[in-house]
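A.B. asks: Here's the letter readout for the chains.
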Amino acid sequence: MTQELSVVGKRLPYWAAQDKATGAAKYTADIKLPNLLVGRVLTSPHAHAVIKKIDKSAAEKLPGVEAVITWEDIPHKLFNPNIQDITLHMPQAVIKDAYIISEKARFVGDVIGAVAAVDEATAEQALGLIKVEYDILPAVFDMAEAMKPGAPLIHDFAKNNISMHMNFPVAWGNVQDGFQQADVSVEAAFQTSKQHTAQLEPLSCIAQFDASGRLTVWSPNQRFFIVRSKLAELFDIPEGRIRVISHHMGGGFGKMADMGAEPICVALAKKSGKPVKVQYSREEDLFGTWTREAYIESGKLGARKDGTLTALSMSILVHSGAYFNRSSATAIVTMGSFTGLYRCPNVAAEMTAVYTNIPCSGGSRGYGVPEAYYLLEQLVDMTAEKIGMDPMAMRMKNLKQLGDPGLVGLPLETPTQEKCIRLGAEKIGWQEKRSRKKEDGNIRRGIGMATYLDVSGGQPFDIQDRNIEIKINEDGSANLYIGISDMGQNLLGASAQIAAEVMGLRYEDIHIVYGDTDYCSFDAGTYANSGCYQIGNAVMKAAAEVKKLILERAAGKLGVTPDKLDIRDRRILVRDNPSKSVSIGEISKDCIYNHAGQHLNIFGKASFSPAQNPYPTGAVFADVEVNTETGGVKVARLLLVHDAGRLINPATVEGQLQGAMALGIGYTLFEDYYINPRTGVLESNNYNTYKLPSTLDLPELEVELVEEPTPSGPFGAKGVGMSGIMGIPAAIANAIYHACGVRIREMPITPERVLKALKEKVV
Amino acid sequence: MKKEICNFRINGRPYELLVAPNTTLSDLLREQLDLTGTKCSCGVGECGSCTVLVDGKPTLSCSTLAVTARDKDILTIEGLSRGTELHPIQKAFIDHGAIQCGYCTPGMIIMAKALLDNNPAPTLEEVKEAMAGNICRCTGYVKIIDAVIAAAHMMRKGGN
Numbered sequence: 036m037t038q039e040l041s042v043v044g045k046r047l048p049y050w051a052a053q054d055k056a057t058g059a060a061k062y063t064a065d066i067k068l069p070n071l072l073v074g075r076v077l078t079s080p081h082a083h084a085v086i087k088k089i090d091k092s093a094a095e096k097l098p099g100v101e102a103v104i105t106w107e108d109i110p111h112k113l114f115n116p117n118i119q120d121i122t123l124h125m126p127q128a129v130i131k132d133a134y135i136i137s138e139k140a141r142f143v144g145d146v147i148g149a150v151a152a153v154d155e156a157t158a159e160q161a162l163g164l165i166k167v168e169y170d171i172l173p174a175v176f177d178m179a180e181a182m183k184p185g186a187p188l189i190h191d192f193a194k195n196n197i198s199m200h201m202n203f204p205v206a207w208g209n210v211q212d213g214f215q216q217a218d219v220s221v222e223a224a225f226q227t228s229k230q231h232t233a234q235l236e237p238l239s240c241i242a243q244f245d246a247s248g249r250l251t252v253w254s255p256n257q258r259f260f261i262v263r264s265k266l267a268e269l270f271d272i273p274e275g276r277i278r279v280i281s282h283h284m285g286g287g288f289g290k291m292a293d294m295g296a297e298p299i300c301v302a303l304a305k306k307s308g309k310p311v312k313v314q315y316s317r318e319e320d321l322f323g324t325w326t327r328e329a330y331i332e333s334g335k336l337g338a339r340k341d342g343t344l345t346a347l348s349m350s351i352l353v354h355s356g357a358y359f360n361r362s363s364a365t366a367i368v369t370m371g372s373f374t375g376l377y378r379c380p381n382v383a384a385e386m387t388a389v390y391t392n393i394p395c396s397g398g399s400r401g402y403g404v405p406e407a408y409y410l411l412e413q414l415v416d417m418t419a420e421k422i423g424m425d426p427m428a429m430r431m432k433n434l435k436q437l438g439d440p441g442l443v444g445l446p447l448e449t450p451t452q453e454k455c456i457r458l459g460a461e462k463i464g465w466q467e468k469r470s471r472k473k474e475d476g477n478i479r480r481g482i483g484m485a486t487y488l489d490v491s492g493g494q495p496f497d498i499q500d501r502n503i504e505i506k507i508n509e510d511g512s513a514n515l516y517i518g519i520s521d522m523g524q525n526l527l528g529a530s531a532q533i534a535a536e537v538m539g540l541r542y543e544d545i546h547i548v549y550g551d552t553d554y555c556s557f558d559a560g561t562y563a564n565s566g567c568y569q570i571g572n573a574v575m576k577a578a579a580e581v582k583k584l585i586l587e588r589a590a591g592k593l594g595v596t597p598d599k600l601d602i603r604d605r606r607i608l609v610r611d612n613p614s615k616s617v618s619i620g621e622i623s624k625d626c627i628y629n630h631a632g633q634h635l636n637i638f639g640k641a642s643f644s645p646a647q648n649p650y651p652t653g654a655v656f657a658d659v660e661v662n663t664e665t666g667g668v669k670v671a672r673l674l675l676v677h678d679a680g681r682l683i684n685p686a687t688v689e690g691q692l693q694g695a696m697a698l699g700i701g702y703t704l705f706e707d708y709y710i711n712p713r714t715g716v717l718e719s720n721n722y723n724t725y726k727l728p729s730t731l732d733l734p735e736l737e738v739e740l741v742e743e744p745t746p747s748g749p750f751g752a753k754g755v756g757m758s759g760i761m762g763i764p765a766a767i768a769n770a771i772y773h774a775c776g777v778r779i780r781e782m783p784i785t786p787e788r789v790l791k792a793l794k795e796k797v798v
Numbered sequence: 005m006k007k008e009i010c011n012f013r014i015n016g017r018p019y020e021l022l023v024a025p026n027t028t029l030s031d032l033l034r035e036q037l038d039l040t041g042t043k044c045s046c047g048v049g050e051c052g053s054c055t056v057l058v059d060g061k062p063t064l065s066c067s068t069l070a071v072t073a074r075d076k077d078i079l080t081i082e083g084l085s086r087g088t089e090l091h092p093i094q095k096a097f098i099d100h101g102a103i104q105c106g107y108c109t110p111g112m113i114i115m116a117k118a119l120l121d122n123n124p125a126p127t128l129e130e131v132k133e134a135m136a137g138n139i140c141r142c143t144g145y146v147k148i149i150d151a152v153i154a155a156a157h158m159m160r161k162g163g164n
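Protein chains in written order, with my numbering: chain A, 36 to 798; chain B, 5 to 164.
Source of the hints: derived by calculation from the structure; they are not laboratory data. Incorrect hints may have been included.
DSS-like cross-link-like pairs, simulated, lysine-lysine; straight-line CA separation at most 30 angstroms [claimed, not checked]: (1) B:Lys-161 with A:Lys-67; (2) B:Lys-7 with A:Lys-96; (3) A:Lys-340 with A:Lys-506; (4) B:Lys-6 with A:Lys-96; (5) B:Lys-61 with A:Lys-309; (6) B:Lys-7 with A:Lys-67; (7) A:Lys-468 with B:Lys-132; (8) B:Lys-6 with A:Lys-45; (9) B:Lys-132 with A:Lys-61; (10) B:Lys-76 with A:Lys-67; (11) A:Lys-473 with A:Lys-61; (12) B:Lys-76 with A:Lys-61; (13) B:Lys-132 with A:Lys-726; (14) B:Lys-161 with A:Lys-61; (15) A:Lys-726 with B:Lys-161; (16) B:Lys-76 with A:Lys-462; (17) A:Lys-669 with B:Lys-161; (18) B:Lys-76 with A:Lys-45.
Using C-beta positions, here's what the derived DEER-type ranges look like [unchecked claim]: (19) B:Gly-60 with A:Lys-791: 15 to 25 angstroms; (20) A:Asp-475 with B:Lys-161: 24 to 34 angstroms; (21) A:Glu-180 with B:Gly-60: 48 to 58 angstroms; (22) A:Leu-68 with B:Asn-123: 40 to 50 angstroms; (23) A:Lys-791 with B:Leu-128: 32 to 42 angstroms; (24) B:Gly-60 with A:Ser-644: 24 to 34 angstroms; (25) B:Thr-88 with A:Asn-514: 19 to 29 angstroms; (26) B:His-157 with A:Lys-131: 50 to 60 angstroms; (27) B:Leu-128 with A:Glu-95: 49 to 59 angstroms; (28) B:His-157 with A:Ala-59: 51 to 61 angstroms; (29) B:Arg-17 with A:Glu-159: 51 to 61 angstroms.
Every residue, glycine too, gets a C-beta built ideally from N, C-alpha and C.
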């Protein structure tokens, strides 16, 4: 018998929504400290240059300047802002190639110095007084150019600017045989774009050493415990002497899982002996924090006449930019997704990472998966057309089934892809729209789809450990200790719902203590869709522990054994005689103020390390209109049918999916991170030139939820944060092809590119 | 630069402040008065995060010199609620899940107030038009638009 749920599954307000709605929520930039200095970075105006000499004396002499630092003042340890150098179980996939302040400028915007001063104006003035002599080197911005012999060498160790080549480590079958067995094979290549998350809160950080030398860092970061370990290593400070606080964050989007301004901020605080706040300008944030990796991805698909896949292969050129960061980890995810979405007996993939003199790439919502499906799902459509099959039917033919290894090898727990596809096809009117008569006018309508699998965390490739503590207050309410930050995804609210459900409390009875290495136990951080599944499971375990203690104590009071008791509505009741009951508050008070000396601290804790990885899944349907005169693409309808397992809070799940869909539309159609091809200067340097979707740019974002509880999830929940973007680019691209018969080789699919493709088609 | 004494009425409270001619209204609010509910995201008036009302008109405080708002009535997000008593727009944003990271929220709510003060029954298109200058990266705007429409209903029924 399934017990009726009273808190889980309810559309409750987001955690801390009141604070955010009233302006009370404090973000890093809002924090004030006595004697707080303003930190600013000096960035290179050249794309590639040796720094011959830096004279900082004039800046140091300026009244109000408290610290000026360059490469000479920082720990000379090569590092990588990607925290996975500590957490990934594949040390060979990490390259440390950066200093926190560069010894050589490798892109326009590379940090070559920093100052801390009493105010913004003084800091700005001081930056202008630092005299830098550059030896300007030839620069290269294009991957193909960078790999040619004789191209400017960006890092000495990387011949032809290739930092890494890797074959997909878990490939299976034999692709040569697979392509031989195929009746048809199709090849394609696409260039994906360098989307920037451009979240509203620009990169920021505060660092302060107290009089004992202990360091406190306020850092909006998705994996702040690991930031602490990295700071410890960089600055030779034991972890216990560092406290990292990470509360509200103005958007994370995966990017904030890497280290940001922390090292420079700490170096400035150390040199000045005063607390320092670093906040990037919007422009600095756009060139100085990481974009999605741009790929040139090429692939080949082999299938039999009936649509059955026989082979899949892909090759990726990863455009790292000036430093390596996450180039390998993202590409591994791309290769796993490309080869893992469908049943296919023979797969192979390879990646090559390339340096150029452009801003760096890193983690970004979706993390290589939308890129994988952009190629794969277009190949499927192209193959279906060649064999005269409905592309939806071809997908159905190759879907993974219960127990099949999914993207990361672990088995599928709930194969709901087919259900999602069928429901979506019915809702959007697939059959009818697919066979819609072609119009003659300028407006051509088309419909396309894509399906996807996603993950619930980085296991089995990455440290994914979670620790939760719960203590009961005198009134029976609970404090829930969670070592994560709040990036707006409402994982804290979902955790409170899970805890309340297990312990028979209300949502408002759960008080959350979070985002602080001093108060919380280690947590691997929220990224890769991991939160709800993993932290949810840890919360469930800890809450069950607390429930056990409460029931044991209540059993003595009520004169029965604990197995005869139920807990609900803040009370413990004898199951067969519910009139016999006691409140959790009474039990808690009895534990704390016990005059008989039988004191008990009702405190539960749990650790969780995932052994499974249930795959959120679904299907996207895009109904588009292409204007063949202007090249403009209008998404008329965008429908996502998604299975996130049990919905802990349906409003939160919808919000996550809608937000990711909007990100996907911007990524696919108009977010253009434009770097001047001659100078390397980022020209889309604010929201007027780097255009994010506004209320007027989006269709209604339709979300349909298929709720199939997954066996290993908390109440059956899976992860959800990234899922909404996965199939969007491919579905839109397939719809554009259906509308006007062109495939656009380069993202974003701008009107210019559509027009060009239409012209080439006519010729 | 010579500072001047300026008078403002901010969230109903009178202030007499020494203001530099190049101080922006957002810096005045955030740095001088610690009213950090008003956010700064782009610094050039492109994102709407810093929206406040000056004499009832929505104003981008990052691109407005503080001296130009002297002797005027300024409303920031902090002036919209009193303790646990929230404005219907704030309630609607909370109830409709319209707030994720929350960084755009103060600007969104102030902009919605400007809209609803002038147009108590906006159509969906009017809401989209009015909010088009306020960027949100988290929500895809669906729940924000729902919240504004719901707030309009609430306010017409005498919520505030």
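A.B. asks: Take the hints in turn and mark each one as holding or not.
C.D. replies: Hints versus structure:
1. Our distance criterion of 30 angstroms between C-alpha atoms is broken by Lys-161 of chain B and Lys-67 of chain A, whose separation comes to about 41 angstroms.
2. For the hint linking Lys-7 of chain B to Lys-96 of chain A, the alpha-carbon distance of about 26 angstroms falls within 30 angstroms, and the restraint holds.
3. Under the criterion of a C-alpha separation no larger than 30 angstroms, the hint pairing Lys-340 of chain A with Lys-506 of chain A is inconsistent with the structure, at around 62 angstroms.
4. A threshold of 30 angstroms between alpha carbons decides the hint, and for Lys-6 of chain B with Lys-96 of chain A the separation of about 24 angstroms falls inside it, so the pair holds.
5. As the CA atoms of Lys-61 of chain B and Lys-309 of chain A are separated by approximately 41 angstroms, the hinted pair breaks the 30 angstroms bound.
6. For the proposed pair Lys-7 of chain B and Lys-67 of chain A, the alpha carbon gap of about 23 angstroms is at most 30 angstroms, so the pair holds.
7. Proposed proximity of Lys-468 of chain A and Lys-132 of chain B is supported: the alpha carbons are some 28 angstroms apart, at most 30 angstroms.
8. At roughly 57 angstroms between alpha-carbon atoms, Lys-6 of chain B and Lys-45 of chain A are farther apart than 30 angstroms, so this suggested pair is violated.
9. Simply put, Lys-132 of chain B and Lys-61 of chain A have alpha-carbon atoms about 28 angstroms apart, close enough for the 30 angstroms limit, and the pair holds.
10. Between Lys-76 of chain B and Lys-67 of chain A the alpha-carbon distance is near 27 angstroms, which keeps this suggested pair within the 30 angstroms criterion.
11. Straight-line distance between C-alpha atoms of Lys-473 of chain A and Lys-61 of chain A comes to about 54 angstroms, which puts the hinted pair past the 30 angstroms bound.
12. Distance hint between Lys-76 of chain B and Lys-61 of chain A is fulfilled; the C-alpha atoms sit about 27 angstroms from each other, no more than 30 angstroms.
13. With a C-alpha separation of about 17 angstroms, the suggested pair Lys-132 of chain B and Lys-726 of chain A falls inside the 30 angstroms cut-off, and the hint holds.
14. Restraint check for Lys-161 of chain B and Lys-61 of chain A: not satisfied, since their Cα atoms lie roughly 33 angstroms apart, outside the 30 angstroms limit.
15. For the suggested pair Lys-726 of chain A and Lys-161 of chain B, the alpha carbons sit about 38 angstroms apart, so the restraint of at most 30 angstroms is broken.
16. Taken as a hint, the Lys-76 of chain B and Lys-462 of chain A pair is broken in the structure, with Cα atoms around 53 angstroms apart against an allowance of 30 angstroms.
17. Only pairs whose Cα atoms come within 30 angstroms are accepted, and Lys-669 of chain A paired with Lys-161 of chain B is rejected, the gap being roughly 37 angstroms.
18. In summary, the hint linking Lys-76 of chain B to Lys-45 of chain A is not supported, as the alpha carbons are separated by about 44 angstroms, beyond the 30 angstroms threshold.
19. Checked against the hint of 15 to 25 angstroms, the C-beta distance between Gly-60 of chain B and Lys-791 of chain A comes to roughly 48 angstroms, which is inconsistent with it.
20. Separated by about 50 angstroms at the C-beta atoms, Asp-475 of chain A and Lys-161 of chain B break the suggested range of 24 to 34 angstroms.
21. The beta-carbon spacing between Glu-180 of chain A and Gly-60 of chain B, approximately 56 angstroms, falls within the hinted interval of 48 to 58 angstroms.
22. For Leu-68 of chain A and Asn-123 of chain B, the Cβ-Cβ distance of about 43 angstroms falls inside the hinted range of 40 to 50 angstroms, so the restraint holds.
23. A hinted range of 32 to 42 angstroms holds for the C-beta pair Lys-791 of chain A and Leu-128 of chain B, which are about 35 angstroms apart.
24. Gly-60 of chain B and Ser-644 of chain A have their C-beta atoms about 56 angstroms apart, which leaves the hinted 24 to 34 angstroms range violated.
25. Separated by about 21 angstroms at the C-beta atoms, Thr-88 of chain B and Asn-514 of chain A satisfy the suggested range of 19 to 29 angstroms.
26. For the pair His-157 of chain B and Lys-131 of chain A, the beta carbons lie near 57 angstroms from each other, so the given range of 50 to 60 angstroms is met.
27. Our hint of 49 to 59 angstroms for Leu-128 of chain B and Glu-95 of chain A holds, since their Cβ atoms are close to 58 angstroms apart.
28. In this structure the supplied range 51 to 61 angstroms is violated for His-157 of chain B paired with Ala-59 of chain A, their Cβ-Cβ distance being about 26 angstroms.
29. Separated by about 32 angstroms at the C-beta atoms, Arg-17 of chain B and Glu-159 of chain A break the suggested range of 51 to 61 angstroms.
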